[in-house]
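Use the sequences and the hints to build the structure in full.
Sequences listed follow chains A and B, in order.
Following numbering that gives the first Met the number 0, the residues of the first sequence are numbered contiguously, the last one being 447.
Following numbering that gives the first Met the number 0, the residues of the second sequence are numbered contiguously, the last one being 470.
Keep in mind that the hints were calculated from the coordinates and are not lab data.
Among the hints, erroneous ones may be present.
Unchecked claim - With a Cα cut of at most 16 Å, we get these calculated EDC-like pairs of lysine to aspartate or glutamate:
no., chain 1, residue 1, chain 2, residue 2
1, B, Lys-412, A, Glu-193
2, A, Lys-148, B, Glu-53
3, B, Lys-263, B, Glu-238
4, B, Lys-404, A, Glu-389
5, A, Lys-148, B, Glu-416
6, B, Lys-404, A, Glu-386
7, A, Lys-151, B, Glu-51
8, A, Lys-406, B, Asp-390
9, B, Lys-302, B, Glu-405
10, A, Lys-397, B, Asp-421
11, B, Lys-404, A, Glu-119
12, B, Lys-412, A, Glu-389
13, A, Lys-151, B, Asp-390
14, B, Lys-412, A, Glu-386
15, A, Lys-397, B, Glu-238
16, A, Lys-147, B, Glu-53
17, A, Lys-151, B, Asp-50
18, A, Lys-151, B, Glu-215
19, B, Lys-300, B, Asp-50
20, B, Lys-302, B, Glu-49
21, B, Lys-299, B, Asp-26
22, A, Lys-397, B, Glu-417
23, B, Lys-436, B, Glu-405
To be verified - Output of the computed footprint for chain B on chain A, the stretches with three or more beta carbons under 8 Å from beta carbons of chain B:
no., segment
24, 336-342
25, 407-421
As the structure is a computational prediction, the values presented were derived from the model and not from experiment.
Backbone N, C-alpha and C fix where the C-beta goes; we use that ideal spot for every residue, glycine too.
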Amino acid sequence: MLRPRKSLHPYNTPNRLTRLFQKNGKLLLKQLQDTNKHWRVSQRRGTRTNFLYTGSFHEAIGPILALAQCFCLMPVCGIRQSSAQGLYFTWQSWRCWISIIYLISTLLDTFFTIYQVMNEMLDVRNVEPIVFHGGILLATWQFFGLAKKWPKLMRRWDRVEHLLPMYENWKQRERLARQIQRVAFLLIGLSLMEHLLSIISAVYYDYCPRRRDPIESYLYKASYQLFFVFPYSHWMGCLGKIQNILLTFGWSFMDIFLIMISMGLSELLARLSKSLERRVDQAMPEAYWTSQRTQYRAIVNLIYQVDNAVSGIILISFGNNLYFVCLNLLKSIKSMPSMAHTVYFFFSLAFLLGRSVAVVIVVSSVNDRSQEPLRLLKLVPQRAFHEEVERFASELAKDVVALSGLKFFNVTRKLFLTVAGTIVTYELVLIQFHEDKKPWDCGALNVD
Amino acid sequence: MKFLPRLRIKLRRLKKLAKSPLLRKLDLLHESKRKRVFQESCEAYQMQIEDEYEKASPIMQKIKLPYSTRERFLYDGTFHEAVGRVLLIAQFFAMMPVYGVTSKRPSNLQFSWRYLRTCWCLIFIASSLVDLGLSLYKVLNDPITFNSIKPIIFRACIFLVCVYSLNLARKWPKLMHYWDQIEQDLPQYQTQTEKWQMAHTIRMTMFVGMMLSFAEHLLSMLSAVNYSAYCNQSSDPIENYFLHTNDEIFYVFHYSNLLAVWGKLQNFYSTFIWNYMDIFVMIISIGLASKFRQLNDNLKKFKGMNMSPSYWSERRIQYRNICMLCDKMDNAISFITMVSFSNNLYFICVQLLRSLNNMPSIAHAVYFYFSLIFLIGRTLAVSLYSAWVHDESRLTLRYLRCVPKESWCAEVKRFSEEIASDMVALSGMKFFHLTRKLVLSVAGTIVTYELVLIQFHEDNDLWDCQQSYYF
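Written out as structure tokens, the structure reads:
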């Protein structure tokens, strides 16, 4: 809100005040009532749950990382500790060993897949398993590297959080954790549902059974790259299936993790601009602006550090999403053999599209939020426009603060349209080469 | 002994007087403010020191101190010294004929038309011109396709780069002298390891690049031998091989051993120069980027502290100097950059298109995929190294953002505004700047062209005995 500067009359200040009160009395009263209501809403009986949240990012992301560790990702110890001080990484922990074993098994699986695909003709469609496996292998490797940096990163994050203005009430404290967990569990649930649907569609309509027993046949198909080399055995089928589930989770978790990180970062920026918003049209002293600028700088430095740590994952996730969206759009032209297949396919396509869009938008929100204080700084009244404000404004105007994909591209809102345009271009070209070559026929297969 | 303290006071005053009065006043003002602030921001400072210590401690444990030999202590970390041997190798291959590249000081550098290396370079240029003419003649006699102009582009690039490098050699002594002046102004490195870093990176780049290109050349010879046996134009296997690799010569002339040896030598030299132009761009960018890094390391050391305005004006001038150096080097080498980038773009497109074909033998497949991967890797390395200059030049801004309020002065403001508004990067004849974003756009361009080219692609006319695939 922009208010013109009021003329000051130093001689009749009391009179002026009285007039002001008469004029704005009702408004003031209403404001007071509003704050009272707000305060009352935020009051609750002090139970244990009220004091559960401290509002830190470390605490918000804890349960999700714990879940990820069940799927052999991010082997860092102490994620459920009350503060980031408890985090540490060590090679002598079971999480670490499980992660290494998973990494090795993914590597082997990737080799088998490459071997199997190389035996057929290479095509945009046929390399799908290689891209899937390769992307997840790289991402797992990146997560392992990230786990080593995680304790230091979180401690830094904690320090920045302490610099920022305090939370006012329990509602604000639990907001971040609630939001992050809600989004993450929604996405994980959806990815689980997608996987179940894929199982159902595979079992429900087994269009070319390779083996007599339906379960065997399913396991055979699920890890075809293994049985391309080895003869069929039950335990190997089960191991292959487990590997498959882990891979599918890892595939979705890349995106979920990025969403969570950027939600945390944009929450920090939002907190800052919220506190700025309240003070911006008042004449604040220069020291206030210094402190605000320092806080903003601390957040930006944290963003740079986080970007260094996760930019590899961003590149992998964006590339992966681009490829799979292209591929699945191309596939959607084909006719489906059964209802179950149609439901599964369109559900998975919608999920993929939704997830990709969500990642781009949430990650680019960091960039949007970082520009917000600039808009507020324009409202600073003239008598309070110190040199510090000018410096703050010029810094805001000139720096690009955004997460990036290995610095090759900055993730901003504009990227979304660029990527969409790219997808359409490639799609148009790919459709030209596309022949509907009856992928649902089985050829001459030996059933044993 | 009463006069001693007095003398000390006098000495101190004399020392102060050595500075200009304006600077003295500024520093005095600054000092008093700094004291005040230091008490306030003691905690922040302590945190900063702890942070730095945390960062430094694992690195300190990892670095093993090397044996101290005489050479190591003699090394003073200049670019001229680092690049000396690299240029010497290039001179064996008829590029950059400057005298005195391995001397200690750049003042010993000189160029003259009468030196043996210059003559050698001129001879090579003449020979590659003849070669270019011959291959032009051969290609123009056949129908022209995207594939068949490959030898022309290859040889034309080599010729252009050779001529240009001769031109660059004439400017080189002056450039190196300028570089040396700027280098001496920069904040000096404290340890030998830091001084040694740039030269090490440059030499490793050269070594790895050369080894890989040598391996590629050997593989190409192997596959050519294999292929010539398959095509079998004459009875002698050696003759067969030369008929194959230098088909543009024997398209005009009859076979003779002398011509064959000339063709082979020409071929070998061309391959080297083809790789060397990329490596040269990389080396120059490593040099420039490490100069920026030298400045940044100094700024990092004093990050978040209260420094005097004279410190900032000194740094700003140094930064400006490096920018000017960057501009000068860019003017000098931007043609080579342009040739190298367009060359790489064309060759990646051709090779990717060719990868759709079936290979006639295993030797071909190995050679082909090795050279494709090498080509892509080299292109990526050139783009990333040359983008490093831009990245490193932007990094300075981050340190300036952390300047505390008390030492924020007009100089710092000017410095940060200059960095924010300038574009410091190597360029391809100013058509494009080499930044990390270029990599993605080049990749996008390649994919687009490839998709278009695939449409017009027919499988059958490749790998016939009439066309040349080897350089």
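Violations among the numbered hints: 1, 5, 11, 13, 15, 18, 21, 23, 24
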